[in-house]
Structures are given as C-alpha cells and as structure tokens.
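Student: Read off the chains here:
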Amino acid sequence: MIKTDFAHQVMWNRLISVVEEQALTLIRTAFSTSVREAGDLSAGVFDVQGRMIAQAVTGTPGHVNTMAAAIAHFIDDIGPHRIYDGDVYVTNDPWKGTGHLHDITVVTPVFNDDRLIGYFACTCHVVDIGGRGYGPDAHEVYEEGLFIPIMKFVDRGELNTDLVNIVHHNVRESNQVVGDIHGLAACNETGRRRLLDMLVEFEIDDLEDLAAFVFARTRAATLERLALLPPGTYTNTMEVDGYNDEITLAVTLTVGRDGVHADFTGTSPTSPFGVNVPLGYAQAYFTYALLCALAPEVPNNFASLEPFTVSAPPGVILNAVHPDPVSVRHVIGHFVTDLTLGAVADVLRDRIPAEGSGALWNFQVSARAAAGHTVADRPPVEVLMFNSGGTGARPTLDGLSATAFPSGVRTMSVEATEQVGPIVIWRKELREGSGGEGEFRGGLGQVIELGPTAGYQFEFSAMFDRVDHPARGRHGGGNGVSGKVYLDDGTPFDAKGKQLVAEGRRLVLELPGGGGFGDPADRAPEARANDVDQGYLG
Amino acid sequence: MSARLGVDVGGTFTDVVLELDGTLTSVKVLTTQNAPEQGILEGIDAVLAETGVAMAALETIIHGTTLATNALIQRRGAKTAFVTTMGFRDVIETRTESRFEQYDLDLVLPPPLIERRHRHTVTERLSATGEVLVPLDEDDAGRVIDTLEAEGYEAVAVGFLHSYVDGRHERRFGELVAERLPDVVVSLSADVSPQMREFERFNTVCANAFVQPVMASYLRRFATEVSDRGATCPVFLMHSGGGLMSLDDAARFPVRLVESGPAGGAIFAADIAERYGLDRVLSYDMGGTTAKICLVEGHTPHTAKTFEVARTHRFTKGSGMPISIPVIEMIEIGAGGGSIASVDVLGQIRVGPESAGSEPGPASYQLGGTQPTVTDANLVLGRLSADTFGAESIDLSRDAAGTAIVDGVGVSLSVDASDGAIGIVEVVDENMANAARVHAVENGKDLLGFTVVAFGGGAPLHAGRLCDKLGVDQLLVPPGAGVGSAIGFLRAPFAYEAVRSHYERIDAFDHEAVNHLLSELAAEADGFVRGGTNDERSVERWVHMRYAGQGWEIPVRLGDGAFDALSAQQLAVRFEKSYEEYFGRAIEGLAIEAVSWAVRVATPRPSVERVTVVDACSDVVSDRTRFVHDSASGATVEAAVVERHVLEAGHRVKGPAVIVETQTTTWIGSRHEAIAQADGCLLVRLGEPAR
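For the record, the sequence lines run as chains A and B.
The first sequence lines up with residues 60 to 597 when you count with the numbering used here.
The second sequence lines up with residues 231 to 921 when you count with the numbering used here.
Don't take every hint at face value.
[To be verified] Simulated coverage check for chain B against chain A, where a stretch passes if three residues somewhere in it have a Cβ under 8 Å from a Cβ of chain A: (1) 415–428; (2) 456–470.
[Said to hold, decoys possible] Each computed SDA-like pair below joins lysine to any residue, with the alpha-carbon atoms no more than 25 Å apart: (3) K547(B) / E79(A); (4) K807(B) / H241(A); (5) K547(B) / P355(A); (6) K211(A) / G145(A).
It is worth saying that the hints were derived from the structure and are not from the lab.
Since the structure is predicted, the reported quantities are computational estimates derived from the model, not experimental observations.
All C-beta atoms in this analysis are idealised placements derived from N, C-alpha and C, irrespective of residue type, glycine included.
Just chain B, with the same shape it has in the complex (with noise of 0.2 Å):
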C-alpha cells in the first residue's frame, strides 16, 4: 500500500488530499487562521476516516500553506531590525523612486516591512568586485549590536551592498550576533538570496527574518503533532519554486514558502501535460478572488528570480514587496467568483480586483453581501444552478443575485439583471483573456497550439470562453478541481534552484571562475535536496543573459559540461537563438554579457501514466435540461445538465450544456463539446474560433 498525504492551507480553505495507491480522496475544511495545524488535522482525521488508513501508514505528508505570505501581507511577523552599510539605511522605503499609478495624485506607497527607527547602519563597504573598500568596523558593530540587545529584537535581517559577490562582511556580523545575542535569529541577504540589486535582495533577507520565527514556531508544532498521532514520515514543504524541500530549511529560509500554494496549481498542471503529452499548456486556475495563469511548456512551469508580494493597490505592479527568490511564475488577477462589478465614469462595467471574499460572500449567498459578483451573473445566466454550488451546502438566491445586479450595474446603464450579467461575464472574460496574452508576449509566446488546463472552483465555468477569446482550440478540465493544488504538491519533485549574480562579458569571459561559481551553486542546491532524499538526482543549469545595454535578461539553458576557452562563442551562438525565439530577431554587431547563474537540482517527477487520448464512442443525453446564455453566440439556448460522476471514457457532451460536481461546475458552449477520458479528465475541444 502506498499512502501519500498533501495538505493546502489556503486564506478560507484547508484541502487535505489522500493519495492510496494511485486513487485520490480529498477533504475541504475551514482554515483555522490562529492555529492552522488544528484545521489540517480535522481534515486529515476526516480523510483518513473516510479512507480507513491510519496515520502510522503515511509515508509522505507534503504541506504548503499561505502563512508566510498572510504575515507579510498582515505584516504580522517578529519584532525585526534591519542592518544594512552605511550611507543606505533607506533602501527599503525609498524604493524604485516611482509611482505604481501614474495619474493617482494620492497614491500610497507601501511601507517599508520595518520601519526606519528599526533600521541601522555600520561602517563597512565592499566594492562591485567584492573589494574591501572599507573593512568592517567591529567597533561600530558592536555598538549597533548594543542598540538591538536593548531594543530586544527577536529577528535581526542584515544585508550589506555587494553581497551576493562575497558575503564576509555579513557572516562576520552575523558571527558577532550570535556571539552577544544567541537567542535572536540571524537572517544574511548573502544566505538568503545572493542576487544583485540591493532593494529586492533587501527586501528579501527582511522578509524571511520577520516570518522566520512565527514560520519555525509553526512548522515544529506542526510536526509534533502529527507525530504525537501517530505519523511516523516525514514532512515536506512545497516551495515557491514547484519542489519539496526539508522542514528544517523551510524552518531557516520560509520566504521559499511564500506561493507555495499557487506553485502547487502549476505542479497540478504540469502533471496533467505530461500524462496527456503536451509540450504547450496554459495553466489557469481560478479562485473566490483571483485568477492566476501560467505558462507551462515541456512539461516544466516556467520560472522567474524574483516576484512581488503583498500588492496594496489592485494587484498592480510595483505596490508590493519584491521577493528575489526562484519561483514559479504566474501573473495573478483580480477575477474571481467574488469579484464585484461596478460602472465606471465612462458607463462601463468593470469588474473586480475588490471581491466580496467569503465574508460577505456574493449577494446570491444572502449573507449580508449586496453587490454583484461573478458568481452572481453565473447564477443569473444559469450557468450555475443554485442548488449546485461549492463545497459548503449553501442555497444560492437567484433573486437575490439578480437584485443586486440590477442594482449595481441596471439601473445606471438601463439593463435588466440579465443583461447586466451578460456584461459582468464578458468583461470579467476579457480581462483574463487579456492578462493571459499580455503574459505570453512579456515571455514572447505565441498562445496559439497552446492547451489550457482549468482548475480552481471558478475555471470550469469560464475556461470555455478565454480558450475562444485567446484563440486556443483544447481544454482540459481535470478531476479534482477545487483542490488541484494539494494534488500538485503530490506530484512535486524534491527540488532546489541556487541562483547568484556574477557578471561576465562575453567578450572577456572568465571560464574558470563561471566553473567554479557553478559548482558552489551546484553544491548549495544539491545539499537542500538531499536533505529530503537521497534518490537519484539531475541537474539543469542556466545563464541569464542580454545584449550589453539592455536592461532584461533572458534565460539560457546551458550544457552540462565544464567551461572552457572556446565555451564563450558557444554562449553566444545560444543566447543568440533563444534571443531570436523571445524577440523574433537577434541584434548583430553587440557585446553579451552573462548577469546571473542558475543551478536547479531535482529529483526525477515521478513517472507518470501516459493517457491516451479517447474519441467519442457514445454521446450523453440527458433529461434535465436549464436555459443558460451562452456568450458566444449571445443567445440563450436550452443546456443539458449532466452528472459529471456519471461519465466514463469516451462519453461525449454536446454543448450546449453544463457539467456538475460538487466542486465545480463545467460550462460547454453551444460549438463546444467534452469527451471523458480515462482519467477523469474532460477534453473539450472547440469548433471554429468565436464569430
């Protein structure tokens, strides 16, 4: 028997999802904000009962939780101080030196995760090629050590310019620290995130010393309790960037937990890809309050070095705090079932990024919530029935949905609520499409030949529509939808990517120090991974690169043998062709320069089973039928609503219809139509793009 736990701790939701021997049972259960362990381990009770496996025969429980990221956004963390080099006590809080909203002269800028009175200065300075040009002043160090040992600090960040070239000057602090203080945690930039550019590196290094002892705290209590139970496996943490990692490291480093939730939905859909072999899908997941997209080509969610968290101003680039950390990259916006809708001054619908969350809900909930959601233009337009919905048993109102639409939207554009939610849809449809696109051009892609892999409570009603607007002909809507990314994290390999800036110019290229860089980073990679396993391990290496004068780097998958003096014109050649494929046309006649290096060590993903793909042997037909708009055509036809549990592989289900579960709800336009595969998995497969 082999039994394998995954555990998803959301803002409203805990998912607990039981894998037995290749089955999957899960279990929804509120999330417990000041005790989460208490609402997991309901949830595990709850699926254990239902399975009949006790906890001694776990053999993995994997868990990735929004803790990290909630107490950055709630900014509820240790009593931090930050130490940075003199002359730059101010990074933090003066930030890019932009504005986020062009014509807002009101704006707010987020503030700085600790506080100026919290931040202090000594006297050291590394030059850009690590040069001491001021040593360390062990005097002056000792003075500011003097201020946090009566201040009482709990966590100490420090990060000092330049180093993430040589990181002595930091350690040498941290060692007197320790020293004086031993009961204070001790976060260095250089540990944590050894990555040019000093506001995010910075940012970073504070954000992992204010959650770290909160984090710690939790993670062993965490692990105490299960055990107490009777678990004798170990605990793994999913990390953002889409691999396992140890909890004793999760315990020292939690900023790698931040998104870890997220990273699990792209992990979902990678694995779904590679069952169905395919090299292109767009993974979309859709929530209560966002929706998030990402683009997962050979089998592999694509990756970023650094992301933002904690955005203050509707999701907007450049209100929140940055992270440098390797993460799974995903563009995350504010449309989800609550999202509200609203006119603007120039009488048009906009919709979201305010939600109404679970508390109030939408307006069809009746729990206090009056404005017009998503989720209530669904319901209006019969697309979701009211006695379908989620996983709590709530009733849905339709009147109450379509009061609050007439009142939200109606009356000041003289609609009715049926109208009113056509609009709602549309524009809330638009917004996605355009997101998705405007992301595949930031990564130069092309959506066409792309299959999208829909997943969260939401997805599966509108997935059908962005694979329209987006031109993309194939969509997947898995089984286990609404916990995909407690599925996700089952699926996750143990992995570790070990990123660091070091410059380079092509034309003047250092091989042995690249050789010697990439071995350290290989050794820091494959050391967090072998603290969860010793299983067998690859690794994959990559240069960020751009022209000499350019401010963006692209990545550069590079070979797997040492550099040698010949290797610089090999670089060139690939950085020259991956250029092409991002920007359609590579620059002649420019110098290249390498900016950071990369190692990822991972453990193969478990093997997969290849599905092959079924055709349709028998179509569904069904005797309950609702009248549900359907927006491609812009008519309202009569649906067929189908049981999705009563499908099996080769089924067909002509749209127009509806397919229900209890998680969620799949819409199938009028020129669409699903095929169940032997997974579970519907394919839908649309006809002609929307007319």
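With the rest of the complex left out, here is chain A (with noise of 0.2 Å):
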C-alpha cells in the first residue's frame, strides 16, 4: 500500500510542477503589466467533476477560490453532453471567473483515450477590455467592456472566429488581447500533453484515485491545522476611506470542527463606484487570510478550499450583484485579510499581525501635450505603477517597509519607467516615522514625488485608501502614520479619482505606514537604537 502513497505522492509533485510551468510560460507571453509584476494569473488541474487537484502559486491570492469554483460553472454552461475533445472555453464572467472583466479564464477538457478525465484551467489579467478601461469610474458592469459569457474558443479543433472578431472589434490593443488568450490556451494544450505523457509513465488510466488521495490527505491536514482556531464565533469591523463614501467591512466567522464560516453582514452597501467586490473574491482574501495563519505549507486544492465558506447579503459591497460594477475590486477586496486576521487575533496571538497598509498605491498616469505642445511632437502615453506602504508588525517581528501585503505586486523599475513614458520620478524612498510604535514596529511607508517630463502634463488617476483611516496596531501597538497625497505647491490634491498636474509640477505621495505590535515600552533597546542609527524614525 505504502507504495502506492509514495507513487501518488510523486504524481501529485508532478502536477503541481506541470501547474507551475504553465504560470511561468503565461508570466513570460503576457501582456499586461499586472501578470507580469504582480503574478495576476492562476493555473490549475482538476479531476472531472470540475474538483481542482492542483494549483500554481502565483502573486495573488485573488485566484485562490476564484479559479476553482470556475470549473463547476464551465461543466454548467458548456452541458455535460456538448464537452468534446479538442474544445477549449472561455469566459471573462466577473461572478463565474474572478471577479473583474480583466481575467480572462480559459479551460481545456482532457480526454484519455475517449474518456473524459479531468480539465486544465488558467486565467490572466488582459491589458484591455474595452468599455471605459481600467478603472473605478463605470456606474454598471455594462460600461466596464466586453463581457463574454461561458463559450467555445475553439470546438473540436474548430477556432471560434466569431469571438475572435468580437474580441478584435471591442477591446484596446486588441492583438495583444487575443494574443494572450492564444496564450492560454496554449498553456493548458502544454499542461494537456504533459498529463498525458503522466499517465503512460505511471500506467494509470485516470485521475480518480490519485484526486482521493490529494484530497483525503489535504483534507485531514487542514481539519488539522484548524483545530489550532478554538471553535466559537469570532467578529471584526474595520473603517477604511472608500471611493467618496467610507466604507464599514463587517465579518462574523463561525469556526466549527470542519471549517470556517465567514459572514460579511453589517458592511456597507455597494458603491456606484467599480470597487464593488464580487462574494467569490471576497472569499479568496478570507480564506488566504486563514490559510496564512493557519496553514501556510498545505497546497491549495479542493479540500484545502472546502473549509472554507462564506455568506453575505446581497447588495453589500462584498456582495456585488450584476450589474454592479466591480472593475478595481482589489481595491476594497485586499483589506478582507486583514479584516478576517483581525478576527481571531486575540485567540491567535502569537501569529496574527497588527493591521497594514493593505491597499496598493498603485496609479495610472495618462501623460498628454501640455498647453503649447501638439500630439505630434508630445503624443499620449500610459504609464501605470504599483507601489506599496508597510505591512503590519508580527507578534515577534517588524513589519516589512514598503512591501505589499495580502498582494503579491512587485514594484516596477524606476529606470525602465522613465524609458518608456514622459515622467521623471524624483524620490522614491522610505517615508521616516511612519511605522506604527509597538514592542514590533510597523513597516515603513514609502515618499514617491513625481512630475512631467517637459511638454507634458499629466491626468493622473488616485485610488489611494488609508488617507483618513491608519492601519490600526494590535496588544499596545500604535497605529501607523496614515497617508497623505499633495502637489509641491501646495495645491490639495485628492485621494480619489481624475486629475490634474499641470507641467512643472511634482505630485507627493506619502504612503502609509503599518501598525505597530505590543507595548512600545518593551521595545528592546537594540532595536530601538538601531531605528535610531539607520533613521527610519525621521
């Protein structure tokens, strides 16, 4: 018997390998900037009830859940009896894929000699979807771009030239778009053959016992490490500053013997605004949240998911219903972590952090001709860049300065930004002072000013929360310093939304800094001196 446990063990190794290759392959085609620098993809492997057996870990947890429940929806939609070999689908669907029109998930049924076992799936995020482009200014999902409900790519070998024509005509750049879900579906025909190529080798039939066994072992470990959450019911609000309107997130999560419950009823209704977050996506940041804490070395699969469940009344802003628009709805679904870690923090306190920045300081400049200049010799360029403040200090550990967290953005090169748009950024360091105070300090937050280069001026597009709301400390810790957006003139410049900086001027961000852990009075003296020699107290 043993055997067979080593030799599943194997095999399981290899579908996470061929899961992770397929990620790679899409990090190194795609096109936007956020697959790339961000990880904005998934990949996955399930059995043939749609149960996904393996999963790439990528740079964001939004894919977590998101990407597994797809599959139910695809066996759905397509109908059982229409799945043929040879078929590729594909859906961009924000409430049946992950949560926004950007992801586009594309899955690939896998036959063994005639027999349906099992599908691949991936997702990546597109640099464009038509509608109004990326951003938070569309009042319905309408207005967000084209939508492609679950359908055939390509049908029994057959491309479908139709969507690839709808896709052409309704989407920017629209060669790169079709490129990319080119791209995927590639992805899944390398991981197709490669799970082929598994079977020969291991001389197995099908993925049946193998999905038993993944899931039975899983299973076990995550009721496991569950058990470290005392059963009970547990509740957190957290205040953050929204899009105009601040925002209450509520959550009551019931831990039972087998899983946890989180509910989000007391949260504030959806916004007009595109941060609304579809249910799926807030799901994924809880249950990376608990995953984290709990279980951080168990893969994500279908019983590591199961656990996991969550409910809210529709209509609140981490329940957005069609047709609310939701296009930027990592911006509010990020803090679900923190909401959901802050939770349990008193009954985990030896693993919980204080509260961080959460949200990403990430920003789209649109660079035009300023007064004087024409389009031919100053023509329009999008320059988009993530940055990020201080996490929240750990029970025995800082924070990390200027690092993203639940995200898993890297930041872009200051050089290669500058090579290829008109802007020139003048500082880009850590912001002094701004870690919360704790026996653990927060990270720091991060000082960026920027501004045209000659002839140019900028709209530039802010989403920035965390402006009238710090991340809170934890057990004594002081909160972090909040941020603060301003032009160098002095002119006010706001946190939300479109405007303007004129030719000559330099934009300041202050990104916020996180909170601080435990009582600053038991600080130790080390590290305070050495906060003191290296001035990240300002």
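Make one complex out of these two single chains by using the hints.
Tutor: Laid out in structure tokens, this is it:
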C-alpha cells in the first residue's frame, strides 16, 4: 500500500510542477503589466467533477478559490453532453470567473482514449477589455467592457472565429488581448500533453485514485491545522476610506470542527463606483488570510479550500451583484485579509500581525501634451506603477517596509518606467517615522515624488486608501501613520479620482505605514538604537 | 611537454587538476577557509609530486573560487559606503516591494548588503535619455566625501540613476573621491554593470565594492605565493560567464568571479558535448548540498544577464541578492547527498533544502548526524556500499543510516528503513526532474532529444532515474566526475561579455546609435580578453528584444556587419523567428523593441578530439554482486559490482549494476546498459521511458 502512496505523492508533485510550468509560460508571454509584475494569473488542474487537484502558487491570492469554483460553472454552462476532445472554453464573467472583466479564464477538457478525465484551467489579466478602460469610474458592469459569457473558444479543434472577431472589434490593443487568449489556450494544451505523458509513465488511466489521495491527505492536514482555532464565533469591523463614502467592513467568523464560515453582514452597501467586490473574490482573501495564519504549507486544492465558506446579504460591497461595477474590486477586496485576521487576533495572539497599509497605491498616469505642444511632438503615453506601504508588525518581528500584503505585487524599476513614459520620479524612498510604534514596529511606508517631463502634463488617476483611516496597531502597538497626497506647490490633491498635474509640478505621495504590535515600552533597546542609527524614525 | 593546472576552491573541498600532455591527474584536499591559498598550495604540491612535474614547468594556472560568493553570503567584506542619487537612498532595501513566500506571515526579507546608515545621497539627476536634469552639485558631493572620510570607509560604491546611459556624474564623483581619499577603493555602477534597472545595478556595484579589498588582496597573495615557489606562468581567473580573465581585471571586478565554480562545471559538460558532437545537452551536477542544472546547446551553455546569489530561504527565487553580470544560467535546488529528509504536515516525504553538509554529515558517517539524508537512503538501498565512498576514507554505517531513516520518516509513515529509503530517493529524483523541466520550459525548450551529462559526487547515482523521468534516453558519465569544475576551467576560452542597456523601437530604429554602442562594447570586451591573450578572437553580438508591452526579453543573435537603414526590418524578422522558437507562435501587428545589447569576445575553444562512439564488443561479467533496489521497476535486484578502472572501450555493463570508483558510483538500472568509451566516459543508453 505504502508504495502506492509514494507513487501518489510523486504524481501529486508532478501535477503541481505542471501547473507551475503553465504559470511561468504565461508570465513570460503576457502583455499585461499586472501579470508580469504582480503575478496576476493562475493555473490549475481539475478532476472530472471539476474539483481542483493542484494550483500554481502565483502572486495574487485573488485567484485562490475563484478559479477553483469557476470550473463547475463551465461544466454547467457548456453542458456535460457538449464537452468534446479538442474543445477549449473561455469566459471573463466576473461572477463565474475571478471578479472582473479584465481576467480571462480558459478551460480545456482532457480526454484519455475518448474518456473525459479532467480539465486544465488558467486565468490571466489582459491589458484591456474595452468599455471605459481600467478604473473605478463606471456605474454598471456594462460600461466596463466586453462581457464574454462561458462559451467555446475552440469546438473540436475548430477556432471560434466569430468570438475572435468580436474581441478584435471591442477592445483596445486587440492584438495583445487575442494573443493572450491564444497564450492561455496553449498553456492548457501543454498541461494536457504533460498529463497524458504522466498517465503512461505511471500506468494509470485517469485521475480518480490520485484525486482521492490528494483530497484525503489535504483534508486531514487542513482540519488538523484548523483545530488550532478554538470553535466559537469571532467578529471584527474595520473602517476604510472607500470611494467618496467611508466604508465599514464587518465579518463574523463561525469556527466549527470541520470549517470556518465568514458572514459579511454589517458591511456597507455597494458603491456607485467600480470598487465593488463579487463574493467569490472576498472569499479568496478571507481564505488566504486563514491559510496564511494556520496552514501555510498546505497546497491549494479542492479539499484545502472546501472548509472555508462565506455568505453576505446581496448588495453589500463584498457581495456585488450583476450589473454592479467591479473593475477595481481589489481595492476593497484586499482589506478582507486584515479584516479576517483581526477577528482571530486575540485567540491566535502569537500568529496574527497588526493591520498594514493593505490596499496598494497603484496609479495610472495619462501623459498628454501640455499647452503649447502638439500630439505630434508629445504623443500620449500611459504609465502604470505599483507601490506599497508598510505591513503590520508581527508578534515577534517588525513589519515589512514598503512591501505588498496581501497582494504579491512587485514594484517596477524607476529607470524602466522612465524609459517608457514622459515621467520623472524625483524621489522614491522610505518614509521615515511612518511605522506604528510597538514592541515590534510597523513597516515604513514610502515617499514618492513624480512629475511630467518638459512639454507634458498628467491626467492622474488616484485610488488611494488609508488616508483617513490608518492601519491600526495591535495589543498596545500604535497605529501606522496614514497616507497623504499633495502637490509640491501646496495645491490640495484628492486621494480619489482623476486630476491634473500640470507641467512643472510635482505630485507627492506619502504612503501609509503599518501598525505596531505590543507595548512600545517593551521594545528591545538594541532595536530602538538601530531604528535611530538607520534613521527609520525620522 | 604541456602542463596546465586548474584549481577550484569550493566550500568544503579544493580540487586541483593537472593536465599533462592531455592526461588528467587530480587531487582533492580540504579547503582552508581562512587562507585558501594554503589549501591550494598543498593540493598543487601533491599533484606535482604525483606527476613529477616542476612548478616552473607549468604553462598556465587557472583558478576559480567561491571566495567572492562566500564573502557575500557571510557578509564578510570591507567597510563599504554606497552613494546614490538624492531621493533614492533605499533602493537596495525596498527591493521589489514584494514577498518571495506568499503564505508566510513571518517572512524575513534579506537585509541590504549596505545598511541604511552607510547609504548617502548627492544632489544630481540624469534623465532616461542621459540629459542632465540636475547637475552634480560638487559642494554637496564634498560634504558627502567629508562623511566618507570621517567614517573611515574602505570601499565606496557609486550608483546613480540612469548611469547605464551616461556615466558622467558617477565618473566625476569617483574622481572627487579619488582626489580626496586615494586609499579608498571606488566602484562605479557604470563600469561594473551598465544595465538598466536600479535595484539590480546598485546591488551589483555594492557587491563589487564590498568584496573588492578582500578579493584583490587574496588574488595578489596567491600570485605571489605561486611565483615564490617557482612558477613563472600567468594566473588566470574563471569568471561567472564561463570564460577566463586576467588577475588584474579580476581584482578590479571581483563580482565577476561569483559562481565561477559552477560555471566551470557547465564548461566541462559543454566540452563533453563537443567531443561527442551533441547539440543538446543537459548538464547535471549533484554535490553534497545542491544539484545544478544547465542547458548546453551547440556546445555552449545558456547564459543570462542577471542572477541571484546568497539566497536566504530554501533557494527560493527572490530571497537573494540580484547581480547583473553575464552568467552561465543554471538552476540550483536543495538536492544533494547531504539533503535531509523529513515528513511534512501532509504525511509526505520532503527532501532538502536543509543539508547535513560535511559536518555533521549524513547519519551513516557517524560524525554526529542523526537525520536521514539522501546518502543514507542510497546506502540502505545498496546503491552505495559502505566501503567505497568519496575522497575521504570514511566507512559508512548502514545500520546508522537505517536507524536515522526509521526515526526520521519511517515511524510517522509506518514503514521500514528500506521503504523509507525508496521514498526518499524517489522524492529527490522527482524534485530534480521537476526543476529541470521547469528550467527547460522557462527557456522555451523540450528536453526530448537531449543527452544528460552527469558529474559531481552524487549525479551518477541519480542520473539514470532522472533520465527516465525526463524522457531522455542517453546519458554520459565522464571520468573525473568529482572534479568536473576544475577540469572545465582548463577547457574555458578567454572570453568577456560586455552588456549595456539601450532602448530602441524597431519602428524608430537609430542604426547609427546602435553601431556606435556595439563598437564601444566590442572594444570594452576586447580589452578584457587582451588582458589575458593576444590570440585570435571571435566576436558574437546579441540583442535582447520583446514586443512592446512585455516584460521579458529574449536573446536574438546579430549578424556581423554594421547596421544600416534597412537593418531594422531584418532584426524584426530575426526576433519573430526566435519568439516562435521560444513560445510557439509570433504575434502579428505589434511593435517590437530592443532593450539591451551584448558583445562577447572570445578566443576559440581549444580544439577537441572528436570521440567516435564505440558500440559494445564484449560484456563485462563480475563475480561480485550486491542487492540493490531498482526504482524504475520497484524491485530489489541482484546487481553486478564492476570497478570502473577495469573497463576498456567497448566494454558493456548490463544493468542492474553498480560501477564503482573512488570519487563516485554509477548506478545502472535494470533496463539500462553502460558502454565504456575510448575517452573513459560511460555511455548509458536507456530503453523505453519508465513504465
């Protein structure tokens, strides 16, 4: 028996390796900055019932269970009797996929000797999906771009040229977008071939026994880890800035022997802007929080995700319903992780960090010719940048300075950014004194100063949170310092929405710091002295 | 008489190889950590004594060392300051602003090589095109130099924004430092690594400055010691790009020495590939702590423009220090003979990356190690025997190995030592196969049709199974597997690759600027090569390109001539062809851009003697056998035990068999056979892929 277990373990590792390969190929070929720099993609393999057996670990937790749940929708909507060898399916339905129209999910069924044995799926963020363009300004999902319901992209080897045509005529940069969809399909095809090779190598006909092994092992390990959390009910609320209106996020966790349920009742209603979050996306960040806290080494699959369930009244901002706008659902969605961790901070005192800056300070600059210049000598350019504030202090460690959490985003090189756009970043360095005090200090935010090059001005699209509501400290630790946005000549600048940065002006962004952990009086003298030596306190 | 010496200083062992009229003699001695030249001299004395060659008769000494790498890993270097553009003090501390482990709440990022208090800024700024936005403020620079003097720094690294486009501010600042502080060593990022991306370039210049005083003094000491003992030949250094450089250049740019040992291994494999006329080879080097895998195509190892050293967390990408210099590209995973096996929360066996190293070593060494390792598993399975092992005369204890496996994995999985060992070996083989496959995919390659070249103490034991798992049907185990890197040094050409970032859109191609850049790069690279030799040299030119909007570039080989107005279109065609090779299909209608340019000047590799593969002419039978577990069939089989030194060209050893020698053991599985070749290689052919 034990030898079968070893073989199963080896096959399981192989499947994880196959989906990691898929993800790598996507990162290398994708056109979207957020795929490349933020790992905004996912790849997974599923059994014949649509239960996920293995998933690549990528940069964003947002796909953790959104993609896992997607396959069941594909099977239902295509119809089990219409699934053929040589098919490829596609969608960008925010509610059946991964939360907004910019993520395209492609699914490929795998047949072995005419018998359906499973599926490969992968998802990536594309550069454009038409509509108003990426941003929170739409009031309905209809304005946010092309909506592709679940359908066949390839039918028994035959490409759906009608769909390709529709995409070509409805999105900007259509060559890149169509290129990415083909890339997704090619990625699944690689996975399919590797899987068939594996079946031959291990002399098995399907994935049924392997899936049962994976799920049994995973379920046991996940439940064992969950037992660290005493059964009961835990609650937390958190205020964040939101878009125009302050938002309350509320969660009630019910911990049982066989799982944790999160209910988001008490959360503020949806916004008229595209910061609303489909429930599956909120579930991803809730699940991610508890996996980090309890079972970081358990790989994602059907059985590790199954114990984590969610509910929310329709119409709250964490349960957006069609046709609510959802384009930038990550801005609020990312706070669900700190919201969840906060609920169990007292029972898991040695594991849960203080609150961090949470939402990324990403921005898009639309550089346009300034007065006195023409489009010919100053052509329009779009520049996107990802930037992070500080994370919350941990029970035994300071927070991480200028580091993304829960997102896995990387920042871009200043030099590379200035090569592609008419922008000068005059300053990008740690924001001294911005970490919350504590036995362990919150991570520092950072200061960024930027302006247009000669002959240009910016339309600057801001979507910054934690300006009015700082990251809270924990167990006696101080709050992180909240964010600030202003122009260098003193002109006020709003943390939300499109505004102008004129030629010659500089915009200053002070990103928030993370909260502190524990009583500042207990901070070790060496740590205190080091903070002074290094100039971390300002 | 021709006598050349290769010296590889590793973390545990120093390998010295003498090539005397084509015959190799090698010695392994322990590395003397505090004064590595002492261990080297001991090794040189031993090998010269064995062969009766005089020091004065040596024609060349070629040296590769992990000393620079170790200085970075252990953070033992000069008191170093970093001076940068105002507003950018923290680039090497904030890194990529991301976490390399997505699920670890207690993640610790690697601390910056130069602490914040030793980082200083001056008023100056260039734009992305090299235009001066803010002139270098010499008063401000003077104030910074006051601080440098007051703090007593030994080395200063200078990294200003966009200095890869124009290094004038860095150079001027360097002059100002030199005028005031002539004893302080200054490294400029425009010289060390003129590549775009400030985090990587700043780290690289900091690393260079940090290790420079210690490396320069070591190299000079070494040169003096060998010359005091009568050597009259020059000493050359192996660099990370797989070529040789002069001692003086190495002393100025010691960061180029990082990972020179593994580079030697890849050159060793490339040399075997060339001898056998193999276009596609997977170089597989497995030692005590890690396995390293490198793709070798057209007898040339793949190279990259940047890599990571000193990874702090389980060899995880992103947990180390980026270094942007041309390097032979390889993946390294925590899979070696000393890798420790354990059982995780899922009830699965995990192997590595923690290693028992040489101290305390595997449990079977009985030197204090109690955790089960890969070596222990090989011993229990009969693939290693207690009395033949490695360079040292250590007697291995099978009982101690068995006990460690039962305690470490057996108890929690309810299996005996033998089944535990089977699991450990299968997992480590799978880990290596997965890493190799992912590496191939990253390079747009399929491993079908490749030949594995296995060396390093552990590789010949695992290579057969690795080939099964990769679907590779041919394996070569060269002689001298234990000292492959040092042999590789002897096969390396004088070579230098100069790389610089320079952005060009194909639809607005400035061919004159590109011609100018390429000639500068060629002159720079040629200067380095001429530091070592005046022999005939060849020039290879590359450009790294992508579709506008992408973040990864792929290398595109350039022709020889100068560019003219018509060149852009040809370049686009070359790019699309390469893109298709990497990713299966080109994409129509997109703009193409070039990001960085490289010129490699090299002497031709010493011409090799082509080996004609001989077929089996007789089967070797052995009266010695032992019982060995065969992973491919899952059965324990009676395997012949054959001494490698008795094999002659055309001798065939049918599996199951173990072929033993002092430095390693080669395992031939049940369905494989090994045929000894004229040059001493074992050619292992595999039957059907594993079933």
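Student: Indicate, hint by hint, whether the structure satisfies it.
Tutor: Evaluation of the provided hints:
Residues of the region 415–428 of chain B with a Cβ under 8 Å from some Cβ of chain A number 3, which satisfies the need for three, so the listed coverage holds. With 0 residues carrying a beta carbon less than 8 Å from a beta carbon of chain A, the region 456–470 of chain B misses the three-residue requirement, and the given coverage is violated. The straight-line distance between the Cα atoms of K547(B) and E79(A) is roughly 14 Å, inside the 25 Å bound, and the hint therefore holds. Taking the CA atoms of K807(B) and H241(A), the gap is about 18 Å. The hint holds against a cut of 25 Å.
Annotation: proposed proximity of K547(B) to P355(A) holds, straight-line Cα distance about 18 Å (limit 25 Å). Between K211(A) and G145(A) the CA atoms are separated by roughly 11 Å; this keeps the pair inside 25 Å, and the hint holds.
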